[in-house]
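Generate coordinates for the entire structure from the input sequences, incorporating the hints supplied.
Protein chains in written order, with this note's numbering: chain A, 14 to 354; chain B, 14 to 354.
Hints may contain errors.
[As the list claims (entries may be wrong)] Which residues of chain B face chain A? A partial, calculated answer using Cβ under 7 angstroms:
{"#": "1", "residue": "Gly161"}
{"#": "2", "residue": "Ser165"}
{"#": "3", "residue": "Asp167"}
{"#": "4", "residue": "Val246"}
{"#": "5", "residue": "Lys275"}
[What the hints assert, rightly or not] In silico BS3-like cross-links for lysine-lysine, where the CA-CA straight-line distance does not exceed 30 angstroms:
{"#": "6", "chain 1": "B", "residue 1": "Lys209", "chain 2": "A", "residue 2": "Lys280"}
{"#": "7", "chain 1": "A", "residue 1": "Lys266", "chain 2": "B", "residue 2": "Lys154"}
{"#": "8", "chain 1": "A", "residue 1": "Lys154", "chain 2": "B", "residue 2": "Lys209"}
{"#": "9", "chain 1": "A", "residue 1": "Lys275", "chain 2": "B", "residue 2": "Lys133"}
{"#": "10", "chain 1": "A", "residue 1": "Lys154", "chain 2": "B", "residue 2": "Lys133"}
{"#": "11", "chain 1": "A", "residue 1": "Lys266", "chain 2": "B", "residue 2": "Lys209"}
{"#": "12", "chain 1": "B", "residue 1": "Lys154", "chain 2": "A", "residue 2": "Lys133"}
{"#": "13", "chain 1": "A", "residue 1": "Lys266", "chain 2": "A", "residue 2": "Lys280"}
{"#": "14", "chain 1": "B", "residue 1": "Lys280", "chain 2": "A", "residue 2": "Lys280"}
{"#": "15", "chain 1": "A", "residue 1": "Lys266", "chain 2": "B", "residue 2": "Lys133"}
{"#": "16", "chain 1": "B", "residue 1": "Lys275", "chain 2": "A", "residue 2": "Lys280"}
{"#": "17", "chain 1": "A", "residue 1": "Lys275", "chain 2": "B", "residue 2": "Lys275"}
{"#": "18", "chain 1": "B", "residue 1": "Lys154", "chain 2": "A", "residue 2": "Lys209"}
{"#": "19", "chain 1": "A", "residue 1": "Lys275", "chain 2": "B", "residue 2": "Lys154"}
{"#": "20", "chain 1": "B", "residue 1": "Lys133", "chain 2": "A", "residue 2": "Lys209"}
{"#": "21", "chain 1": "A", "residue 1": "Lys154", "chain 2": "A", "residue 2": "Lys48"}
{"#": "22", "chain 1": "B", "residue 1": "Lys266", "chain 2": "B", "residue 2": "Lys280"}
{"#": "23", "chain 1": "B", "residue 1": "Lys209", "chain 2": "A", "residue 2": "Lys133"}
{"#": "24", "chain 1": "A", "residue 1": "Lys133", "chain 2": "A", "residue 2": "Lys48"}
{"#": "25", "chain 1": "B", "residue 1": "Lys266", "chain 2": "A", "residue 2": "Lys275"}
{"#": "26", "chain 1": "A", "residue 1": "Lys334", "chain 2": "A", "residue 2": "Lys48"}
{"#": "27", "chain 1": "A", "residue 1": "Lys209", "chain 2": "A", "residue 2": "Lys154"}
[Claimed, not checked] Covered, in the sense of this in silico footprint (three residues per stretch, anywhere, with C-beta under 8 angstroms from a C-beta of chain A), are these stretches of chain B:
{"#": "28", "stretch": "257-263"}
{"#": "29", "stretch": "277-285"}
{"#": "30", "stretch": "320-329"}
The set of hints was computed from the structure by calculation and includes no laboratory data. Using N, Cα and C, we set each Cβ at its ideal position, and we do this for glycine too.
Spelled out, the chains give:
There are 2 protein chains.
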Amino acid sequence: MSGLTVALDAMGGDFGPQVTVPASVQALLQYPELKVILFGDQSAITSQLSLLNQSEHPRISIVHCEHVIGNDTRPSQALRRSQGSSMRMALEAVAAGQADACVSAGNTGALMALSRFILKLLPGVDRPALVSAIPTRTDNKTWLLDLGANVSCDADTLFQFAVMGAVLAEQGLPHSPRVALLNIGEEEIKGNDLVKRCSEMLTESPDINYVGYLEGDQLYSGQADVIVCDGFVGNVSLKTSEGVANLFINQFKQAISRNPLKQLIAKWLFSDLFDRLKRLNPDQYNGASLLGLRGIVVKSHGSADTTAFANAIGEAVHEVKRQVPTKISDRLEEVLLERHY
Amino acid sequence: MSGLTVALDAMGGDFGPQVTVPASVQALLQYPELKVILFGDQSAITSQLSLLNQSEHPRISIVHCEHVIGNDTRPSQALRRSQGSSMRMALEAVAAGQADACVSAGNTGALMALSRFILKLLPGVDRPALVSAIPTRTDNKTWLLDLGANVSCDADTLFQFAVMGAVLAEQGLPHSPRVALLNIGEEEIKGNDLVKRCSEMLTESPDINYVGYLEGDQLYSGQADVIVCDGFVGNVSLKTSEGVANLFINQFKQAISRNPLKQLIAKWLFSDLFDRLKRLNPDQYNGASLLGLRGIVVKSHGSADTTAFANAIGEAVHEVKRQVPTKISDRLEEVLLERHY
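Right, dumping it as structure tokens:
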């Protein structure tokens, strides 16, 4: 494979170049074919590079940007006043074919709005989706979408999410990705009309390995490779998981905080456990991908550290190698043709 | 206070009389004013009572029932074919004024449908809600509703949930219950239209201490006393919490499973932690209440043990003492009058 180029919003996230620059260097070590373009404040970036003795890295280039989109900028404002910002210029590099993917830890709403505006939707896609891999009890990963790109959607949109999620999940799987719909089990007609209608559509699609409904307590069970829901439910669900994880860690700390001996023993007992727990906040660890666009965009968690941001760059590299947008477009066409004939 | 009577569906749940009978005896010890009526198979109940040497308990009576509603009975079937079942007869005892509340660990969908059919809705209530207290980092509890009684609802319904939740939450609080709406933060106009409209209604109601939106990761933060959402979101959120808790416990066990010494030390060091973790599945611990009905109904978790089922009976006792349905009805009338004038 010839070189591939990732455009990085070097200013995004809670730490900006302090994290994005060392993460780039880390990713370049890992992927010898990778080039990165750092979009952001030239002097902040170069000073980070010289701290790392990488001022002359042959696979790093810098594009100076005057502006940064703030974390509280609303998407509509971002659309109007983002000219010259690091996030927008990174996306424009992808649209212009100068880069193969964009990675940003910046404002999620702005990134979604700008991505859609600059890169445009793939044919057959009504709305882009935000997707992330969550860990499971069986040590596989499960892709959950949508995570908040859309607060309300119809059955067709959910169906498109299922197809897009399956394309992302199929890599490395020995079987066709098992696709499930997130639902609840209490009501007479299980779940709402939206979910029911999408379930019928998935049942009728021979190319999708649809395994039916899953409930919230089965999210982390490894019973599906792709779990589909609307953005409101997905966002609440992912953030609830984060809340419970924090509650656990908090209770754990409380249980040992007053006793140094307990602390020492806990470290010995559970050192590998703590590492695992850190990965329970999946988008912190891996980033979340925007699917359905004519280009690859990975959103890293705002508070990502160097390793997490490097992982998000890695996710972008994998999606470029697999040509995910083309695959999604082809698959949607196939599935929709099947539905119509 | 004179005696109060709770009608128990003795056959509901995974263990039936094996759990419900000892739990009743436990609750009777705790509440000297309590009487219970056990609805179910007479011989199964009496054999459990004699095992406990309580065959002649002066505050226990038994009503024999021929049928039990199965866990996979659909609510519509339950409505048609539930005559003479333990769940239905327990609810009928409440409707007839022979009991002050009903507690069941049986089929949730059937219990919701039958409760509404037999007890009827309070005036001003469009839909009943299922509510449970969740634990928080600050050791307070937060009441979350709806947990799945309604898969879709409008802003008025959410508003009614807020009022009903506040009535339940206010006991023992030194301040007016802080009411929040569960929402997501990604979209331009934060959240969907439904949540936005309800937020406006709550803002305009001087009698409700509305504190705004919370996101999923703040569910367990203790920042609100009542958190309101629709039943689909609430159910997914609560079950997701259960899934994450199980994932944690599973990882814990894995971390120590291959080493008996580690296991021993972990038990010695962290016994209180494990107790806390068990309570993270809140409706397992306390039961969930159905609000908005002309009577008190508490749903215990199907897999509840004796302590958990006794706690659900305790919840029913508290609601009877506080006359929760009357309070809800009065409060709704006040708040709605305020809105109209």
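Hints, one by one, checked against the model:
1. Interface hint status for Gly161/B: upheld, as the beta-carbon distance to the closest one in chain A is roughly 4 angstroms, under 7 angstroms.
2. At a threshold of 7 angstroms, the smallest CB-CB gap from Ser165/B to chain A is about 5 angstroms, leaving the interface hint in force.
3. Hint status for Asp167/B relative to chain A: violated, with the closest Cβ pair at about 13 angstroms, above 7 angstroms.
4. Because the beta carbon of Val246/B sits about 5 angstroms from the nearest beta carbon in chain A, less than 7 angstroms, this interface hint is met.
5. Annotation: Lys275/B was flagged as interfacial toward chain A, and the flag holds, the nearest CB pair being 6 angstroms apart, inside 7 angstroms.
6. For the hint linking Lys209/B to Lys280/A, the alpha-carbon distance of about 45 angstroms lies beyond 30 angstroms, and the restraint is violated.
7. Taking the CA atoms of Lys266/A and Lys154/B, the gap is about 20 angstroms. The hint holds against a cut of 30 angstroms.
8. At roughly 34 angstroms between alpha-carbon atoms, Lys154/A and Lys209/B are farther apart than 30 angstroms, so this suggested pair is violated.
9. Under the criterion of a C-alpha separation no larger than 30 angstroms, the hint pairing Lys275/A with Lys133/B is inconsistent with the structure, at around 54 angstroms.
10. Note on Lys154/A and Lys133/B: the hinted pairing is violated, with a Cα-Cα distance of about 46 angstroms set against a maximum of 30 angstroms.
11. Restraint check: the Cα-Cα separation between Lys266/A and Lys209/B comes to about 37 angstroms, which exceeds 30 angstroms; the hinted pair is violated.
12. Restraint check for Lys154/B and Lys133/A: not satisfied, since their Cα atoms lie roughly 46 angstroms apart, outside the 30 angstroms limit.
13. Taking the CA atoms of Lys266/A and Lys280/A, the gap is about 11 angstroms. The hint holds against a cut of 30 angstroms.
14. A distance of roughly 15 angstroms separates the Cα atoms of Lys280/B and Lys280/A; the hinted pair therefore holds under the 30 angstroms criterion.
15. At most 30 angstroms may separate the alpha-carbon atoms for a hinted pair to count; Lys266/A and Lys133/B exceed this at roughly 47 angstroms.
16. Taking the CA atoms of Lys275/B and Lys280/A, the gap is near 12 angstroms; set against the 30 angstroms cutoff, the hint holds.
17. Pair hint Lys275/A plus Lys275/B holds up; C-alpha atoms about 13 angstroms apart against a cutoff of 30 angstroms.
18. The hinted pair formed by Lys154/B and Lys209/A fails the criterion: a straight-line CA distance of about 34 angstroms is larger than 30 angstroms.
19. Restraint check: the Cα-Cα separation between Lys275/A and Lys154/B comes to about 28 angstroms, which is no more than 30 angstroms; the hinted pair holds.
20. Using a Cα cut-off of 30 angstroms, the hinted pair Lys133/B and Lys209/A holds, with the two alpha carbons roughly 28 angstroms apart.
21. Between Lys154/A and Lys48/A, the direct Cα distance comes to roughly 28 angstroms. Compliance with the 30 angstroms bound is thereby established for this hinted pair.
22. Of the supplied pair hints, the one linking Lys266/B and Lys280/B holds, its CA atoms being roughly 11 angstroms apart against a limit of 30 angstroms.
23. Between the alpha carbons of Lys209/B and Lys133/A the distance comes to roughly 28 angstroms, so the proposed pair stays at or under 30 angstroms and holds.
24. A hinted pair counts as satisfied when its Cα atoms are at most 30 angstroms apart, and Lys133/A with Lys48/A qualifies at roughly 24 angstroms.
25. Between Lys266/B and Lys275/A the alpha-carbon distance is near 18 angstroms, which keeps this suggested pair within the 30 angstroms criterion.
26. For the given pair, Lys334/A sits about 14 angstroms from Lys48/A by alpha-carbon distance, which is consistent with the 30 angstroms threshold.
27. Distance check on the hinted pair: Lys209/A and Lys154/A sit about 25 angstroms apart at the alpha-carbon level, within 30 angstroms; holds.
28. Coverage of the stretch 257-263 of chain B by chain A holds [criterion: at least 3 residues with CB-CB distance below 8 angstroms; count 6].
29. Closer than 8 angstroms: that is the beta-carbon criterion, and the stretch 277-285 of chain B has 5 residues meeting it against chain A, so the requirement of 3 holds.
30. As drawn, the stretch 320-329 of chain B meets chain A at 0 residues by the rule of a beta-carbon pair under 8 angstroms; below three, the given contact is violated.
Going through the hint list in order, the structure does not satisfy hints 3, 6, 8, 9, 10, 11, 12, 15, 18 and 30.
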